[in-house]
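Protein chains: 4
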Amino acid sequence: MFTLGVADSSTPTRERIVDEAMRLFGEVGYKGASVARIEAAAGLQPGSGGLYHHFSSKEEVLVVGIRRHLDRLDALRDIRRVIGDLGDTRAELKVTARYFLAELDAQAELLRILVSESRSRPQLLTEAVDKLISSTFDSFADWLVDTADGLDRDRARTVSALALGSLLSSRLLRNVLGVDALAPDDESTVEAWVDMVCGMLPSDEPRVNT
Amino acid sequence: MFTLGVADSSTPTRERIVDEAMRLFGEVGYKGASVARIEAAAGLQPGSGGLYHHFSSKEEVLVVGIRRHLDRLDALRDIRRVIGDLGDTRAELKVTARYFLAELDAQAELLRILVSESRSRPQLLTEAVDKLISSTFDSFADWLVDTADGLDRDRARTVSALALGSLLSSRLLRNVLGVDALAPDDESTVEAWVDMVCGMLPSDEPRVNT
Amino acid sequence: MFTLGVADSSTPTRERIVDEAMRLFGEVGYKGASVARIEAAAGLQPGSGGLYHHFSSKEEVLVVGIRRHLDRLDALRDIRRVIGDLGDTRAELKVTARYFLAELDAQAELLRILVSESRSRPQLLTEAVDKLISSTFDSFADWLVDTADGLDRDRARTVSALALGSLLSSRLLRNVLGVDALAPDDESTVEAWVDMVCGMLPSDEPRVNT
Amino acid sequence: MFTLGVADSSTPTRERIVDEAMRLFGEVGYKGASVARIEAAAGLQPGSGGLYHHFSSKEEVLVVGIRRHLDRLDALRDIRRVIGDLGDTRAELKVTARYFLAELDAQAELLRILVSESRSRPQLLTEAVDKLISSTFDSFADWLVDTADGLDRDRARTVSALALGSLLSSRLLRNVLGVDALAPDDESTVEAWVDMVCGMLPSDEPRVNT
DNA sequence: AATGAATGAGCTTTCATTCAT
DNA sequence: GATGAATGAAAGCTCATTCAT
Chain P
1 MFTLGVADSS TPTRERIVDE AMRLFGEVGY KGASVARIEA AAGLQPGSGG
51 LYHHFSSKEE VLVVGIRRHL DRLDALRDIR RVIGDLGDTR AELKVTARYF
101 LAELDAQAEL LRILVSESRS RPQLLTEAVD KLISSTFDSF ADWLVDTADG
151 LDRDRARTVS ALALGSLLSS RLLRNVLGVD ALAPDDESTV EAWVDMVCGM
201 LPSDEPRVNT
Chain G
1 MFTLGVADSS TPTRERIVDE AMRLFGEVGY KGASVARIEA AAGLQPGSGG
51 LYHHFSSKEE VLVVGIRRHL DRLDALRDIR RVIGDLGDTR AELKVTARYF
101 LAELDAQAEL LRILVSESRS RPQLLTEAVD KLISSTFDSF ADWLVDTADG
151 LDRDRARTVS ALALGSLLSS RLLRNVLGVD ALAPDDESTV EAWVDMVCGM
201 LPSDEPRVNT
Chain R
1 MFTLGVADSS TPTRERIVDE AMRLFGEVGY KGASVARIEA AAGLQPGSGG
51 LYHHFSSKEE VLVVGIRRHL DRLDALRDIR RVIGDLGDTR AELKVTARYF
101 LAELDAQAEL LRILVSESRS RPQLLTEAVD KLISSTFDSF ADWLVDTADG
151 LDRDRARTVS ALALGSLLSS RLLRNVLGVD ALAPDDESTV EAWVDMVCGM
201 LPSDEPRVNT
Chain B
1 MFTLGVADSS TPTRERIVDE AMRLFGEVGY KGASVARIEA AAGLQPGSGG
51 LYHHFSSKEE VLVVGIRRHL DRLDALRDIR RVIGDLGDTR AELKVTARYF
101 LAELDAQAEL LRILVSESRS RPQLLTEAVD KLISSTFDSF ADWLVDTADG
151 LDRDRARTVS ALALGSLLSS RLLRNVLGVD ALAPDDESTV EAWVDMVCGM
201 LPSDEPRVNT
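As given, the protein sequences belong to chains P, G, R and B, one line each in that order.
According to this note's numbering, the first sequence is numbered sequentially starting from 1.
According to this note's numbering, the second sequence is numbered sequentially starting from 1.
According to this note's numbering, the third sequence is numbered sequentially starting from 1.
According to this note's numbering, the fourth sequence is numbered sequentially starting from 1.
These are computed hints drawn from the structure, not numbers from a lab.
Hints should not be assumed to be uniformly reliable.
Since the list gives no way to pick one copy over another, a pair counts as held whenever it fits inside one copy or between any two copies.
Stated by the list, open to error - Here are the simulated lysine to any residue pairs, SDA-like style, with alpha carbons at most 20 Å apart: (1) Lys131 - Gly178; (2) Lys94 - Asp142; (3) Lys58 - Arg121; (4) Lys131 - Val179; (5) Lys131 - Asp180; (6) Lys31 - Glu59; (7) Lys94 - Asp105; (8) Lys131 - Glu109; (9) Lys94 - Gly199; (10) Lys131 - Asn175; (11) Lys94 - Thr147; (12) Lys131 - Ser56; (13) Lys58 - Arg37; (14) Lys31 - Pro122.
Using the sequences provided together with the hints, build the complete structure.
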């Protein structure tokens, strides 16, 4: 019989299950995605329990799926590697903003799942949030301390939280809540954001508001 | 027989049902809060269907609960009334920040519900998000245009989204995702935020970063 | 407050309950007519249990309603009183047919209920069927024996069952199953029926088929 | 574990469900036959929802069951094929009567269900009644027109309705209402019925009543 | 007499999971 | 590895009935 599902039957079943499950978890929530529906999306017979040949429970699929997302996020943990050293603060900030937004977009599915399931599965969140959020905020705070003379650690953390938070919220609103068009386009947002962060640095250079 | 529920039995049952339901929806999500559990929390016999003497469906409880929250939010729609005219931009911003954070805290429950149920009940969100988010962002953008000479409307919307977004994300992280302590305390955050916003205004006055 | 229900509020509540209940039982069946719906139809607050001030249970309403219908049927028990003695067999049969059809129409509601609930409440049927059906059939058989010389009792019972049965089925089909227009109009049916019954009598006129 | 249900566990579950469901629908009505009870009768664990692996709803079981009954009735649609051509009117009528009674007995279960559910599910009845009743009546009327010279179509329909109706009502009373023994035995009934129908035909032999 | 509120039992349906094949 | 069938538990909801007011 032919596999009529959307899933590519060349990838191993286990992978297809995780992929489709995570997609469904993002779309309709963990509770809303029944095992039968996941099976159907993965090209298995719905309700046949085929999922249990690959995972011991529905929850395990979620855990494996989240872990897989997180593995791809390890690079983000040290945002400084991304920023690099361009010798120009504004250029470095621009790269940072674009990269952070791109990452949030790439992880939109994960974000949706984390947000939906945060309350019912708090233990799942610890590692995820740490990799996705906390460490990024810390890392950016470190960069701030190094870049801006005289910025103390606490102030840097506050600035980091406000700065990255403003980008995060734009993506949470758009990708999670579905609220659109609160700001014009990404490039304007990045420009304004760079201005904003520069304005918070106790810089010695003359600042320009555009 | 004694009423063993946590709810205050002096308030009418209908109110207790909405209160407890909204609390549970925020804690464990709409699907996670079974009618039986809501009834128990409201001091009714769980599973007896007592909820249906006051509401025609579980969904109606959610709708009524959300509407009740929204009714209290009407004042927030025009944030400018709150800002008032203190004659001092920094002071006005400080008030704005504190008020916005306080509102987000007061509506933490609503936020949690909106975020959890956004995908399964998009129609419910339209009004809510508009009152809670969009109109506030717009209103603040208006204030920016009026306050800062030479700030064009698009730029003002971008600044508004970034500025309020940074406050919003701090509350989403704390009240919805449960991520704590990314920034020290509220007062430092407000201070830094005021600096930040001032830094984005094409001001004529000399600005001071503290 | 005004009573908006269809029921005439001048008749005593108890009567209104029986009336509306029987109407609903006929329309949607015993199980389909909830106590709340009966109350609403009777001008009481639905779900308030007002019915129980007049009846000890929903079933009692049915019993009382059926009994009330049956009381009106006592006259039918001796169909011979209706037929009377017109001195003309054909005329007497015509009256019989018209009367029987009219009675079945008048008791359409009762018929519907009896048919719907016959299996779940067999004890209720005994008296009803006896009054409505059996005794009528017997009574007509008696008339046949008296009217037609040489008709033995068994044959008379068979003829009665066939003759009245054909009228009964036309009403069951129309009033209970809702099947319409299997025969043109009532008067043609009556005519044909009189012919039919006359043809079955061992009349003094030459009859052909035995 | 042993299968304790009454149903033969060698027939497929789906068949057993339909069989037992139709039996129960006939006995206690559609509403009276709970899914759990049907499951138990079909040898499944009551309340486990096993029925839903074979049907999407309780209603679907009814529809499938009725359709199955109807499929067996297609032959009856043209009663003339059954009557055939025996060259003898009385003989042909005898066959007709016996066949019609036998069919009504075979479909007693279906009759009970149709009668009980006629009001709540009128759409279900259309096809059923047409196959079981209307077409049979029409078909017999056709035969009457062909057999009896000078019988016009309207009169034939009336006679058909009266004649078959008298047989139908005997079975409705016995198989649906449970009223017994209004007529002695089937053979006497058939004899009398043949007499009756012959008496209504404008035969070439001298007939008296028109 | 009437009502608002409550309740226990039952309803149809969903679903995660198991297991023999 | 995959499937069809089965199951226990729980879901949202309905309803006949009771009772204090």
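Here is how each hint holds up against the structure:
no., hint, in the structure
1, Lys131 - Gly178, "between (24 Å within a copy, 15 Å between copies)"
2, Lys94 - Asp142, "within (17 Å within a copy, 27 Å between copies)"
3, Lys58 - Arg121, "within (13 Å within a copy, 23 Å between copies)"
4, Lys131 - Val179, "between (25 Å within a copy, 12 Å between copies)"
5, Lys131 - Asp180, "between (26 Å within a copy, 14 Å between copies)"
6, Lys31 - Glu59, "both (10 Å within a copy, 16 Å between copies)"
7, Lys94 - Asp105, "within (17 Å within a copy, 32 Å between copies)"
8, Lys131 - Glu109, "within (15 Å within a copy, 26 Å between copies)"
9, Lys94 - Gly199, "both (14 Å within a copy, 17 Å between copies)"
10, Lys131 - Asn175, "both (19 Å within a copy, 19 Å between copies)"
11, Lys94 - Thr147, "within (14 Å within a copy, 27 Å between copies)"
12, Lys131 - Ser56, "neither (26 Å within a copy, 42 Å between copies)"
13, Lys58 - Arg37, "within (12 Å within a copy, 22 Å between copies)"
14, Lys31 - Pro122, "both (15 Å within a copy, 17 Å between copies)"
Comparing the model with each earlier hint shows a violation of hint 12 alone; every other hint is respected.
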